[in-house]
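2 protein chains.
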Amino acid sequence: MRTRGPTCRTEDVINTSENSLQRHHHSHRAGKLSLVGLGPGSIADRTARATETICASEVIVGYGPYVDCIDDLITNQQVITSGMMKESERCRAALDAAMAGKHVALISSGDAGMYGMAGLAMEMAAAEGDHIPMEVIPGVTAANSAAALLGAPLMLDSASISLSDLLVPWDTIVTRLKAVAAADLVVSLYNPRSKKRVMQLEEAARIFRACRPGTTPVGIATAVGSPEEQVVLTDLEHLLEQEVGMRSVVIIGNSTTCVLDGRMITPRGYYGSVNSV
Amino acid sequence: MRTRGPTCRTEDVINTSENSLQRHHHSHRAGKLSLVGLGPGSIADRTARATETICASEVIVGYGPYVDCIDDLITNQQVITSGMMKESERCRAALDAAMAGKHVALISSGDAGMYGMAGLAMEMAAAEGDHIPMEVIPGVTAANSAAALLGAPLMLDSASISLSDLLVPWDTIVTRLKAVAAADLVVSLYNPRSKKRVMQLEEAARIFRACRPGTTPVGIATAVGSPEEQVVLTDLEHLLEQEVGMRSVVIIGNSTTCVLDGRMITPRGYYGSVNSV
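Those sequence lines, one after another, are chains Z and P. Residue 538 is where the first sequence starts when you use the working numbering, and the numbers rise one by one after that. Residue 538 is where the second sequence starts when you use the working numbering, and the numbers rise one by one after that.
It is possible that part of the hints are untrue.
One copy or two, either will do: identical chains are not told apart, so a pair holds if it fits within one copy or between any two.
Here are the simulated SDA-like cross-link-like pairs (lysine to any residue), alpha carbons at most 25 Å apart as the crow flies [said to hold, decoys possible]:
hint	residue 1	residue 2
1	LYS733	GLU766
2	LYS733	ILE580
3	LYS733	ILE669
4	LYS733	THR771
5	LYS569	LEU797
6	LYS569	VAL769
What the hints contain is simulated information worked out from the structure, not anything from laboratory work.
Starting from the given sequences, assemble the full structure and let the hints guide the process.
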């Protein structure tokens with residue numbers, strides 16, 4: 538029973554009426570929902586547990602492009618895909634299938650628990666009284682994948698902030714950016730810019746520029762793990778001249794971050810004293 | 538040529554004079570240094586790339602207990618282990634072996650680029666003019682492994698702060714804790730407490746308590762991925778009564794974090810509006 542085809546990947550193929558029907562007949566056999574983080578998307582960067590869970594599942598639910606990343610693992614699982622911004626529908630479909638007794642893998646890129654699907658699925662299950670076993674399979678989050686290609690910018694304390702104001706008010710995001718900039722934390726910016734949303738990265742750059750010199754190293758990693766992967770090393774002064782999109786993570790260094798041999802590094806601390814330990 | 542044995546795991550088995558000797562004869566054949574993150578330590582949570590890299594390497598360098606985690610991958614690689622606090626010696630040994638033409642895997646738990654060995658190795662190579670190819674193999678970092686067991690506390694913006702003042706001055710850490718607490722960021726505390734270092738977690742709890750109610754959910758995950766794994770869900774009021782050690786990660790929720798069906802969740806944002814998309 539495989540409902541996936543080439544056209545399903547870009548369209549919402551969730552049949553809501555069928556799902557509603559199933560929900561009335563599921564009470565006697567609850568399945569299991571695995572919230573799986575795929576890492577950056579490359580096969581090599583998946584964990585063994587993510588791979589095994591997807592192989593063992595009966596139903597896979599995910600955003601089309603993420604399902605493409607696990608093409609090598611799809612045999613006879615049912616696959617339900619839907620488009621961007623359809624997170625709630627995917628969650629609902631995944632919960633319905635699990636309530637109907639299936640082992641369901643709801644996939645996210647990066648880590649499922651960091652800007653992924655884990656929280657929404659748990660919130661929805663609690664709100665609607667769907668008591669089913671759930672597990673989170675953690676994955677390599679986007680900031681760590683980006684950092685690995687740039688050098689070692691996240692060695693010490695850091696923050697992750699999403700510049701998307703779809704779910705969090707922009708005022709709150711600005712407060713966080715200012716606090717993190719003032720406290721000299723390295724920051725990873727998720728969802729830094731989209732075609733429509735350009736102002737946010739400009740404002741973030743201004744906030745950090747007020748606390749850090751223009752020469753502060755900035756790394757941009759885009760589409761990590763895909764054939765379009767691109768890594769750029771620049772600085773705060775020139776950040777806004779670079780190509781940045783929704784598939785980018787922008788890492789802004791702190792006052793100690795430097796570039797050595799082409800690698801962006803936040804030094805580990807008292808190098809001298811460590812060396813003499 | 539396998540230099541590892543049961544006794545090597547707890548002792549420093551690096552022969553410094555031999556390493557110095559090697560350094561004078563390596564100039565014509567540079568190897569490669571892979572900085573590998575193992576994730577929490579369990580085989581299942583390693584990435585395929587970490588596994589493949591360790592299998593393909595000729596020399597493995599690591600802290601004893603981390604080498605134990607990759608026992609299944611050790612065949613005829615040379616294994617160099619040393620104890621806690623001997624990071625510089627391990628780095629030096631890894632660089633020396635790579636400069637001597639070997640493919641070396643220098644292993645860290647979690648992600649190699651987050652409180653791991655990647656930064657130190659790159660700093661040291663740059664400082665000493667060791668020009669060798671290096672790559673970082675990212676892994677699932679401790680905060681994400683901990684979060685997965687607790688529920689989904691890191692769904693939105695968060696910070697990672699280490700309470701160890703061995704490498705960063707305590708004043709700087711306090712400034713960061715205060716900024717993060719005031720900006721309503723979820724925080725993951727690394728190295729929260731050791732036998733000797735108790736005051737730091739008390740002070741961190743006070744700082745967060747000044748900005749957040751005592752009922753704020755707090756999750757503690759200890760020795761994740763090992764047989765001693767332990768997960769505790771408590772709150773800010775009762776944090777200091779719990780068992781917390783160097784193998785723990787403490788996650789303090791923000792003003793929206795709640796516990797639903799025994800799971801610690803930071804809601805994804807406007808659940809209602811997401812639902813109606």
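Structure-based check of all given hints:
Taking the closest pair of Cα atoms, LYS733 and GLU766 come within 25 Å of each other only inside a single copy of the chain (22 Å); across copies the shortest separation is 45 Å, beyond that limit. For the homomeric pair LYS733 and ILE580, neither the shortest alpha-carbon distance inside one copy (31 Å) nor that between copies (43 Å) is at most 25 Å. When the C-alpha separation of LYS733 and ILE669 is checked against a cutoff of 25 Å, the pair qualifies neither within a copy, at 39 Å, nor between copies, at 42 Å. Proximity of LYS733 and THR771 under a CA criterion of 25 Å is satisfied intra-copy only: 24 Å inside one chain copy versus 41 Å between copies.
For a Cα distance limit of 25 Å, the shortest separation of LYS569 from LEU797 across copies, 17 Å, qualifies, whereas the shortest one inside one copy, 48 Å, does not. Taking the shortest Cα distances, LYS569 and VAL769 sit within 25 Å of each other only across copies (23 Å), while inside one copy they are farther apart (41 Å).
Checked against the numbered hints given earlier, this structure breaks hints 2, 3; the rest are met.
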